[in-house]
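Visitor: All chains, please: the whole structure from these sequences, using the hints.
Listed here are the chains, written in short residue letters.
Protein chains: 2
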Amino acid sequence: MDNPVPRARGLMFVWLVGASQVLGLASVVLTAVWMGHYSGGFAWDGSRREFNVHPLCMVLGLVFLQGDAILVYRVFRNEAKRNVKLLHGIIHLLALIASIVGIVAVFDNHNAAKIQHMYSLHGWCGMGTLVLFCIQWVMGLLFFLFPVASSRLRALYLPIHVFCGLALLIMAIGTCLLGITEKLLFSIMSTYSQFPPEGVLANTLGIVLVCFGVLLGYLITKEEYRRPPNPEEESLSVHFKTLTEGRSPTTP
Amino acid sequence: MDNPVPRARGLMFVWLVGASQVLGLASVVLTAVWMGHYSGGFAWDGSRREFNVHPLCMVLGLVFLQGDAILVYRVFRNEAKRNVKLLHGIIHLLALIASIVGIVAVFDNHNAAKIQHMYSLHGWCGMGTLVLFCIQWVMGLLFFLFPVASSRLRALYLPIHVFCGLALLIMAIGTCLLGITEKLLFSIMSTYSQFPPEGVLANTLGIVLVCFGVLLGYLITKEEYRRPPNPEEESLSVHFKTLTEGRSPTTP
Numbered sequence: 000m001d002n003p004v005p006r007a008r009g010l011m012f013v014w015l016v017g018a019s020q021v022l023g024l025a026s027v028v029l030t031a032v033w034m035g036h037y038s039g040g041f042a043w044d045g046s047r048r049e050f051n052v053h054p055l056c057m058v059l060g061l062v063f064l065q066g067d068a069i070l071v072y073r074v075f076r077n078e079a080k081r082n083v084k085l086l087h088g089i090i091h092l093l094a095l096i097a098s099i100v101g102i103v104a105v106f107d108n109h110n111a112a113k114i115q116h117m118y119s120l121h122g123w124c125g126m127g128t129l130v131l132f133c134i135q136w137v138m139g140l141l142f143f144l145f146p147v148a149s150s151r152l153r154a155l156y157l158p159i160h161v162f163c164g165l166a167l168l169i170m171a172i173g174t175c176l177l178g179i180t181e182k183l184l185f186s187i188m189s190t191y192s193q194f195p196p197e198g199v200l201a202n203t204l205g206i207v208l209v210c211f212g213v214l215l216g217y218l219i220t221k222e223e224y225r226r227p228p229n230p231e232e233e234s235l236s237v238h239f240k241t242l243t244e245g246r247s248p249t250t251p
Numbered sequence: 000m001d002n003p004v005p006r007a008r009g010l011m012f013v014w015l016v017g018a019s020q021v022l023g024l025a026s027v028v029l030t031a032v033w034m035g036h037y038s039g040g041f042a043w044d045g046s047r048r049e050f051n052v053h054p055l056c057m058v059l060g061l062v063f064l065q066g067d068a069i070l071v072y073r074v075f076r077n078e079a080k081r082n083v084k085l086l087h088g089i090i091h092l093l094a095l096i097a098s099i100v101g102i103v104a105v106f107d108n109h110n111a112a113k114i115q116h117m118y119s120l121h122g123w124c125g126m127g128t129l130v131l132f133c134i135q136w137v138m139g140l141l142f143f144l145f146p147v148a149s150s151r152l153r154a155l156y157l158p159i160h161v162f163c164g165l166a167l168l169i170m171a172i173g174t175c176l177l178g179i180t181e182k183l184l185f186s187i188m189s190t191y192s193q194f195p196p197e198g199v200l201a202n203t204l205g206i207v208l209v210c211f212g213v214l215l216g217y218l219i220t221k222e223e224y225r226r227p228p229n230p231e232e233e234s235l236s237v238h239f240k241t242l243t244e245g246r247s248p249t250t251p
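As given, the protein sequences belong to chains D and X, one line each in that order.
Each residue of the first sequence is one higher than the one before, counting from 0 in numbering that gives the first Met the number 0.
Each residue of the second sequence is one higher than the one before, counting from 0 in numbering that gives the first Met the number 0.
Treat the hints as calculated values from the structure; they're not laboratory data.
Every residue, glycine too, gets a C-beta built ideally from N, C-alpha and C.
Each hint should be verified, as a subset may be incorrect.
[Stated by the list, open to error] Under the rule of at most 30 Å between Cα atoms (straight-line distance), these lysine-lysine pairs were calculated in the DSS-like manner:
(1) X:K221 / D:K80
(2) D:K182 / X:K182
(3) X:K221 / D:K221
[Said to hold, decoys possible] Take a look, some chain D residues computed to stay more than 12 Å from chain X by CB distance:
(4) V16
(5) V21
(6) N77
(7) K80
(8) A111
(9) S150
(10) Y156
(11) P228
Guide: This is the structure we're talking about:
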């Protein structure tokens, strides 16, 4: 008979991952409804409708896809490491593409409307997050997918890569919240305090994003959801352990 | 002769803690300068000057003091556990007092100016963070300082307490960034895009808060900065380990 404790824990993991996906998808849908229904829809003509592509792409790319790219290490923790790495890299590539489309949309719109770039805290945090995300992606590619660095360097870099990944996800969510506040104050400042549907919807989007971040953070940092040691991978990485004095580099 | 590797690591820890304190103090000073110099100073009369007490108290309480209350477990990781717990609880109590003064200031000001309460995303996130912070503080007090719960419950709750502590610090920082954006758009919306000193100062405050959060997150989660196992504490908590299957509850 199976031990009921690990089974209950496994079930809890499935429920938590399911809840994270519901929250992630809800954040994308709420952004699409906000921009599509309350803010005039989407276009690619420099207008406000091109601006609307920006929030959608950023929430989709830097939050939902980035979060899921990290989560694959927990969801597929019993699959072959190389395949999981590949999936991690591919989802991050999709996140990068979505983010670049999103950033081009807002720069196009600002140019067309002759609005100054990069003056707000949202702009500063967003650009910082995107630049660091690009660096993290390239470094991850070089170190882990096409390993050009030595084993020692990889072992040293892995915990930094893992920490920065979660930090970037949190920074992306924080930047989205700033964007929500900015957009609401630019468009409905005079009525925001009367709880109009647009304001309530956007606030709800913000809370959903926070919940997504908290749940992802829990799933990613919880010890028992980490990748279990694999004998074959272990034999390859025994010397890493002695170098890092901590967790095995096979379990990011 | 001492081993130079642990010494270098110890030195790095001291530098990182020092940098975190510089960033934390800088965030309090920048907030005080912003409110004191650019926003009319401080008072307790329901006016905008009473509102100005709010950002200062929240940055001091929910960010700087809350961060340092968590950090004591790393800085004093070789001191007696009971003393560190006490310090952790006392600094959190100061954080709680500062936060309550801050929240009273903004409610007083909104009442006097007949401004609606709790309509913005900043308000939603801030109230959520403060309520959860109070619950976390009371739970910590009951579970760990005056342990009324059983050892088994304490061992189960500890990882949740640790995770929630860091999550609340991040939520507090995110809420401050939202407050900065709100305040700037309410007071200097028309000139914000021309990089006025007030805007640049407030944006810089936001970036300093982000850096403080990232550094604290690194110091708190890094394995080698955790409290080393203590033989006496270990003998008391051996049975916790078997219950939690993870980290010892003596090393939060």
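Visitor: Could you run down the list of hints and mark each one as holding or not?
Guide: We went through each hint and held it up to the structure:
Restraint check for K221 (chain X) and K80 (chain D): satisfied, since their Cα atoms lie roughly 24 Å apart, inside the 30 Å limit. Taken as a hint, the K182 (chain D) and K182 (chain X) pair is honoured in the structure, with Cα atoms around 14 Å apart against an allowance of 30 Å. At roughly 14 Å between alpha-carbon atoms, K221 (chain X) and K221 (chain D) fall within 30 Å of each other, so this suggested pair holds. Against the 12 Å criterion, V16 (chain D) stays outside the reach of chain X, whose nearest CB is about 17 Å from its own CB.
Against chain X, the non-interface label of V21 (chain D) holds: every CB pair exceeds 12 Å, the least being about 19 Å. The claim that N77 (chain D) lies off the interface holds: its Cβ sits roughly 18 Å from the closest Cβ of chain X, which is beyond the 12 Å cut-off. Here K80 (chain D) stays apart from chain X, with its beta-carbon at least about 21 Å from theirs, past the 12 Å limit. The beta carbon of A111 (chain D) is kept farther than 12 Å from every beta carbon of chain X, the shortest such distance being approximately 15 Å.
The Cβ of S150 (chain D) sits about 18 Å from the closest Cβ of chain X, beyond the 12 Å cut-off, so the non-interface label holds. Remark: the non-interface label on Y156 (chain D) is consistent with the geometry, its nearest Cβ contact in chain X lying 14 Å away (cut-off 12 Å). The claim that P228 (chain D) is not at the interface with chain X holds, since no C-beta of that chain comes within 12 Å of its own (minimum 15 Å).
In the structure shown, no violation is registered for any of the earlier numbered hints.
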